[in-house]
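Okay, here's what each chain looks like letter by letter:
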Amino acid sequence: MENIYLGIVLAPLIGAIIAGLFGKQVGRSGAHWVTIIGVAIAFGLSAFVFNNIILNNGDIYNATVYSWAVSDGISFEVGFLVDELTATMMMVVTFVSLMVHIYTVGYMRDDPGYQRFFSYISLFTFSMLMLVMANNFMQLFFGWEAVGLVSYLLIGFWYKKETAIYANMKAFLVNRVGDFGFLLGIAAVLMYFNSLDYADVFKAAPDMAGLTIQLIPGVDWSLMTVICILLFIGAMGKSAQVPLHVWLPDSMEGPTPISALIHAATMVTAGIYMVARMSPLFELSTTALSVVLVIGAITALFMGFLGLIQNDIKRVIAYSTLSQLGYMTVALGASAYAAGIFHLMTHAFFKALLFLAAGSVIVAMHHEQDIRKMGGLKKYMPITYWCMLIGSLALIGFPGFSGFFSKDAIIEAVHASDNPAATFAYVSVLIGVFVTALYSFRMFFLVFHGKERMDHHTQEHLHESPAVITLPLILLAIPSVVIGAMAVGPLLFGDYFGSTIFVSENNDVLARLGEHYTGVVNFVVHGVMAPPFWLAMAGVFTAWYLYMKRPELPAKLKARFEGIYNVLDNAYFFDKFNAAVFAMGSLKAGNFFWQVGDVKGIDGIMVNGTANLIGRVAGRLRNLQTGYLYHYAFAMIIGLLVLMSWLLAYA
Amino acid sequence: MSDLPLLSLVIWLPIIGGLMVLALGATGNKSLVRWSSLAWAIVAFVVSIPLYTGFNLSTHEMQFVEHVSWIPAFNVFYHVGIDGVSMPLILLTTFTTILVVIAAWEVIDHKTAQYMACFLIMEGMMNGVFAALDAVLFYVFWEGMLIPMFLVIGIWGGVRRVYATIKFFLYTFFGSVFLLIALIYLYFQTGNFSILDFQAVQLGLTAQILIFLSFLIAFAVKVPMWPVHTWLPDAHVEAPTGGSVILAAIMLKLGAYGFLRFMLPITPDASSELDWLVITMSLVAVVYIGLVALVQEDMKKLVAYSSISHMGFVTLGFFLVFGIYQQTGSTSGAALGMEGAMVQMISHGFISGAMFLCIGVLYDRMHSRRISDYGGVANTMPWFAAFMVFFAMANAGLPGTSGFVGEFFVILSAFQANFWYAFLAATTLILGAAYSLWLVKRVVFGEVKNENVAALKDINARETLVLGSLAMLILLFGIWPAPLLEVMHPTVEHLLQQAVTSKL
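Chains as they are written, first to last, in this note's numbering: chain A, 1 to 651; chain B, 652 to 1155.
Just to be clear, a hint being listed does not mean it is correct.
Simulated restraints, written as ranges between beta carbons of each label pair [claimed, not checked]:
{"id": "1", "chain 1": "B", "residue 1": "Val828", "chain 2": "A", "residue 2": "Lys203", "range": "52 to 60 angstroms"}
{"id": "2", "chain 1": "A", "residue 1": "Leu613", "chain 2": "B", "residue 2": "Lys762", "range": "33 to 41 angstroms"}
{"id": "3", "chain 1": "B", "residue 1": "Ala1105", "chain 2": "A", "residue 2": "His367", "range": "24 to 32 angstroms"}
{"id": "4", "chain 1": "A", "residue 1": "Ala633", "chain 2": "B", "residue 2": "Phe824", "range": "35 to 43 angstroms"}
{"id": "5", "chain 1": "B", "residue 1": "Leu655", "chain 2": "A", "residue 2": "Gly619", "range": "55 to 63 angstroms"}
{"id": "6", "chain 1": "A", "residue 1": "Asp207", "chain 2": "B", "residue 2": "Val828", "range": "50 to 58 angstroms"}
{"id": "7", "chain 1": "B", "residue 1": "Lys762", "chain 2": "A", "residue 2": "Gln595", "range": "34 to 42 angstroms"}
{"id": "8", "chain 1": "B", "residue 1": "Leu655", "chain 2": "A", "residue 2": "Gln595", "range": "52 to 60 angstroms"}
{"id": "9", "chain 1": "B", "residue 1": "Gln853", "chain 2": "A", "residue 2": "Asp207", "range": "43 to 51 angstroms"}
{"id": "10", "chain 1": "A", "residue 1": "Gln595", "chain 2": "B", "residue 2": "Val694", "range": "46 to 54 angstroms"}
{"id": "11", "chain 1": "B", "residue 1": "Trp1131", "chain 2": "A", "residue 2": "Glu515", "range": "45 to 53 angstroms"}
{"id": "12", "chain 1": "B", "residue 1": "Asn843", "chain 2": "A", "residue 2": "Ile638", "range": "46 to 54 angstroms"}
{"id": "13", "chain 1": "B", "residue 1": "Ala1105", "chain 2": "A", "residue 2": "Trp158", "range": "14 to 22 angstroms"}
Since the hints were derived computationally from the structure, they do not count as laboratory data. Note that CB positions come from ideal geometry on N, CA and C, so glycine has one too.
Let the hints inform the model, and build the full structure from the sequences given.
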């Protein structure tokens, strides 16, 4: 089996190396073929593994590939753990990646960095697979940072664009803030478990539940709470949870295919995956789960609000991604890990679909991204239109579509949860449903319906995108519709995850929901009668009313609620605050330490000061050396006199 | 092969080579000078390889020992030998010198022979420092090494080279005086100058503290640690590329090496008493210097400050053992920090060397080190840009590069000593990324800034060879540090035992 797993990670890596280092030699078509084949191999083998482990209940694989380092008796290894959770992630990652590879052939057709782009996205696939297939914390951290690197490279892909190279640095640094916590969490794990291997740590975890740790002398904290919160800080960076979400909207400066692959479907869900993987630890700390729940709920609701006022098509979807990541985090906080992973999966398909469809629109619009300058595109781009509609319906949770099942499961799970923060989270996600439907269909109507607001030149050239673009859309549209109905039974209420995800009995909300589960059809029927459905419908209706029926209303609302609009337009002032406090603060501190500490203090007073002092003292002493004989003779006589009188006095 | 006095060869071959090259310089044939310098550097490297392949991994005892009487009147011996600490550093020295020779190839056209000779002689002396087991021999190499470096900065340096050389010389000499006093005191205790005897001698706490402080001054200047670091940015800025590379890659390691060879084993009780001092200085280096690096406008200064900050991890890693021992009564967890620190030394040699070489590549073309003179270099130098981004990422400690290994281990170990040590040390994750990537953003990315940048030519085969070989090593030890760590285990175990064994 090991060879298969090695093949899965190495095939994209080899593709990336060939396309990256020998891009000139293999040419443009060589670069896309070698990477597409690499990812296709990874996808094919992943499907084989998925079939083995999940459909045929094969054995879980957990073994070392090689020993990275040994120090202090601790072996740091590179190895794979392939269980139900990993196999699911592998399928999602390789499938979406393959679609994006194919799509890129069309989308990046005229870009001078064609080979480089393929190299990066294949490298990303490798890194992401290393992350999800890791069997220990060290490799997890490797994959974690490696996807961050590729994200950095891809956001700044158009490196001449000032906004792009600002955004990629910002993304990396904000992620590093998260990694800061993550690394400390790993250090805590190593200190108490003396191992970084998942299996060892999870096995020993229950015995550690009672331990406390003193970070501030005299104050006892539960060890598990500290570890879980530190690890979760890492997840907050990668999965863009408030307040570490600020990088994700800016990441839209990168080309659209990577917005779909990295910043919607896969990388940003790494944090969700990680927390689900760590369920044996998180289950031991209700406090940590509450933190997760609250952060997730805030992200789900408040990032959704921001989606309402965006005019850039990609930014609407970006804020929608933030909000949906909040939903997944809420699921984790409610101990409904399976629901979180379920939503991760359905979201990967429909959000990649939405982004790629948006990309198709952007290409048709000659790289215009402002939805106010679109309209009526339905008749020009029918395939894109239907795909976008499917994606939007899945996103708002329309009954029967994939998003419906996963989102409904999350809402129900929070409803059933006993966590102290559950009520707050429940209200947030319910309002979020209305908001989601409103911003999704606002965008949908503005782009595809109503008046054609683009300029004449663009209008003349509007046409449907070529097959390399529409084919991936169609292939993603299929799972966006059906995957929910197919997976809801086994994944949420069956034995899909086996022992991979651990939920303590008191927290097991999904089991409670499962008692009432009587099949997909009843689930849908029940959903149609529940509040989320009606909230979503209200959202769609409001969007239609505001942007189709009475298009003059939004401007009036904006004028009426200018204060609120201003807060939203500045995204709650997070960026301004960070720039003023953290960025400027660091620069000011750096300048202070440099100019006052180093230049004036150490160099000015100590180093050059000593030199000056010696110089000055020597200058004074030089005055004594006049060169006149009688001065010296006089000094000698005085000296003799002093010496003699001293001798006489004391002898 | 094993009968050869390998260490003597590694020390003296480059010195003889340097003198020969100097003699060749009189012919005026620069090509001959270059090729023969390269040949000598390669010979020295080849001779150092058996030190690794023939190294016995199961003992902490000194290996490849040579012991000959030198000045009988004072019991001074020509005594050399290496263990798991010094062996990797010698290989680093012999390897780096080759790169320095190649990097100077057509760049140094003025007094080429003297330039090459300086580096070859310096190589021999630095190997001598790492191999010496007699304190007098150590001291002779330690001081002697300053002379070629002094010349390198003073002759081939920048505009303010005189200020920089004097500052460099006085600073290090100031430290050396204390070193000498401490060594003489120890001589009177043991009756000879054997460093191993120094390590075994019993000392009272007051004596230990005084010796500890003397050593601290000497070695802290060399590392350099805050607050005796201000010579380094000036020296780097004025030094030619090769000088900066050797300074950052090797000379700084000499100070850190002194901590391991002298301070921890000779004054364990004082080290335990005063570990807070070294740890504080190290953490200040990481945070304060990290912030200072952020605001530099000169590329070389930025990398120089980043070096100081990274060396903070080295000294931090060395002194974690006492905190851990006090809490748990065992050294478990401390080896991680110490080995991490030692990996950091080697890795920093590659990465800072590579960063200075990158700056050298730009400087050779544009004759400016000011960040604001650059912008959009990626447009005209794509391969160079790829290297620079890679090295910057390694500098920021990205996993998969050697820069990660040391920082990772030290942070893991620091957590076991005290949460806040780890907390402050881990800020490098943010600060290191901030100054490295901001540098890259301003220099490499963006639109072509001016016509000078527009006229830049991408790196040639020679430069690709130098940067490429460093990139390979950084990647290799990032993906598989095991072979590097393996040689350190017995030595580190022994060292930790020495550190926690009281001499009182």
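Taking the hints in turn, this is what the structure says about them:
1. For Val828(B) and Lys203(A), the hinted distance range of 52 to 60 angstroms is satisfied, since their beta carbons lie about 57 angstroms from each other.
2. Checked against the given bound of 33 to 41 angstroms, the beta carbons of Leu613(A) and Lys762(B), roughly 37 angstroms apart, stay inside it.
3. A C-beta distance of roughly 26 angstroms is found between Ala1105(B) and His367(A), which places it inside the suggested range of 24 to 32 angstroms.
4. Evaluation of the 35 to 43 angstroms hint for Ala633(A) and Phe824(B) yields a pass: the beta carbon distance comes to about 39 angstroms.
5. Against the hinted window of 55 to 63 angstroms, the Cβ-Cβ separation of Leu655(B) and Gly619(A) comes to about 58 angstroms, which satisfies the hint.
6. Checked against the hint of 50 to 58 angstroms, the pair Asp207(A) and Val828(B) passes, with Cβ atoms roughly 56 angstroms apart.
7. Between Lys762(B) and Gln595(A) the Cβ separation comes to about 37 angstroms, which falls inside the hinted range of 34 to 42 angstroms.
8. Restraint check, Leu655(B) to Gln595(A): a C-beta distance of roughly 54 angstroms satisfies the suggested window 52 to 60 angstroms.
9. At roughly 44 angstroms, the beta carbons of Gln853(B) and Asp207(A) sit within the given window of 43 to 51 angstroms.
10. For Gln595(A) and Val694(B), the Cβ-Cβ distance of about 48 angstroms falls inside the hinted range of 46 to 54 angstroms, so the restraint holds.
11. Separation of Trp1131(B) from Glu515(A) is about 51 angstroms and conforms to the stated range, judged on CB atoms against 45 to 53 angstroms.
12. At roughly 50 angstroms, the beta carbons of Asn843(B) and Ile638(A) sit within the given window of 46 to 54 angstroms.
13. Between Ala1105(B) and Trp158(A) the CB atoms are about 19 angstroms apart, so this pair conforms to the stated range of 14 to 22 angstroms.
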